Amino acid sequence: EAQVTQNPRYLITVTGKKLTVTCSQNMNHEYMSWYRQDPGLGLRQIYYSMNVEVTDKGDVPEGYKVSRKEKRNFPLILESPSPNQTSLYFCASSLSWSANSPLHFGNGTRLTVT
Amino acid sequence: GESVGLHLPTLSVQEGDNSIINCAYSNSASDYFIWYKQESGKGPQFIIDIRSNMDKRQGQRVTVLLNKTVKHLSLQIAATQPGDSAVYFCAENSNTGNQFYFGTGTSLTVIP
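Taken in order, these protein sequences are the chains called A and B.
Each residue of the first sequence is one higher than the one before, starting from 1 at the first, in this note's numbering.
Each residue of the second sequence is one higher than the one before, starting from 1 at the first, in this note's numbering.
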């Protein structure tokens, strides 16, 4: 089944403890992206990747890192999480940016930082 | 920056009626638009898309209308069912940018 898989689904952590949220897609998509979703603010882009080894900042990149060593994986790293990073996170992928193809989303990771 | 907004935050309809959800966008260079459905506890799910060279596109029970003159997008759901209850939001991008911009969503409630 074609899908975007995020892990974990739920995560509770403490301020300053490094964490990684994994994202994997099995559709051979070039474009991948991370979003956070907060009430009243909608989906805001954190980082995106047009292809392997190419990553760029989105609208809210502060406090986050990403890597794209392989086409299928796009992990989101929080080196030193803070309470304002408590949010619902979504990974998404699409065939390619130039193809005007829709984003396919994972089921989300709900992160709580205390 | 770009803004993508929705006219109403909530919408309630009777089962069997048609639903219309609206979206306004501000970037005149936007050329690709998508409607997503998000159910509680799930990620956004693709419903239908439309490119700027079209003004209407139909799917199964859904129709998207694009009015580029007033930068307005709408999603029509025919014969709304309880399973249609969800948050719906639009997204747009342009070839001059590298990201999608999303509206904040309209919560649709279908009354049995």
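Hints are computed from structural coordinates only; laboratory data are not their basis.
Treat the hints with care, since some could be wrong.
Claimed, not checked - Taking lysine-lysine and the DSBU-like style, the derived pairs with C-alpha atoms no more than 35 Å apart in a straight line are:
hint	chain 1	residue 1	chain 2	residue 2
1	A	Lys17	A	Lys69
2	A	Lys65	A	Lys17
3	A	Lys18	A	Lys71
4	A	Lys69	A	Lys18
5	A	Lys57	A	Lys18
6	A	Lys18	A	Lys65
7	B	Lys56	A	Lys57
8	A	Lys71	A	Lys17
9	A	Lys57	B	Lys42
10	A	Lys65	B	Lys56
11	B	Lys71	B	Lys56
12	B	Lys42	B	Lys56
13	B	Lys42	A	Lys17
14	B	Lys68	A	Lys69
15	B	Lys68	B	Lys42
16	B	Lys71	B	Lys42
17	A	Lys57	A	Lys17
18	B	Lys56	A	Lys18
19	A	Lys69	B	Lys71
20	A	Lys69	A	Lys57
21	A	Lys69	B	Lys56
22	A	Lys71	A	Lys57
23	A	Lys69	B	Lys42
24	B	Lys68	B	Lys56
Unchecked claim - Where chain A lies over chain B, by a calculated footprint (3+ residues, C-beta under 8 Å):
hint	region
25	43-51
26	69-78
All figures in this text were calculated on a predicted structure; none of them were measured in a lab.
From the three backbone atoms N, C-alpha and C, an ideal C-beta is built for every residue, glycine too.
Hints versus structure:
no.	hint	verdict
1	A:Lys17 - A:Lys69	24 Å, holds
2	A:Lys65 - A:Lys17	14 Å, holds
3	A:Lys18 - A:Lys71	24 Å, holds
4	A:Lys69 - A:Lys18	20 Å, holds
5	A:Lys57 - A:Lys18	20 Å, holds
6	A:Lys18 - A:Lys65	11 Å, holds
7	B:Lys56 - A:Lys57	33 Å, holds
8	A:Lys71 - A:Lys17	27 Å, holds
9	A:Lys57 - B:Lys42	25 Å, holds
10	A:Lys65 - B:Lys56	40 Å, violated
11	B:Lys71 - B:Lys56	14 Å, holds
12	B:Lys42 - B:Lys56	28 Å, holds
13	B:Lys42 - A:Lys17	27 Å, holds
14	B:Lys68 - A:Lys69	39 Å, violated
15	B:Lys68 - B:Lys42	31 Å, holds
16	B:Lys71 - B:Lys42	29 Å, holds
17	A:Lys57 - A:Lys17	23 Å, holds
18	B:Lys56 - A:Lys18	47 Å, violated
19	A:Lys69 - B:Lys71	39 Å, violated
20	A:Lys69 - A:Lys57	17 Å, holds
21	A:Lys69 - B:Lys56	40 Å, violated
22	A:Lys71 - A:Lys57	18 Å, holds
23	A:Lys69 - B:Lys42	27 Å, holds
24	B:Lys68 - B:Lys56	11 Å, holds
25	43-51	holds (count 6)
26	69-78	violated (count 0)
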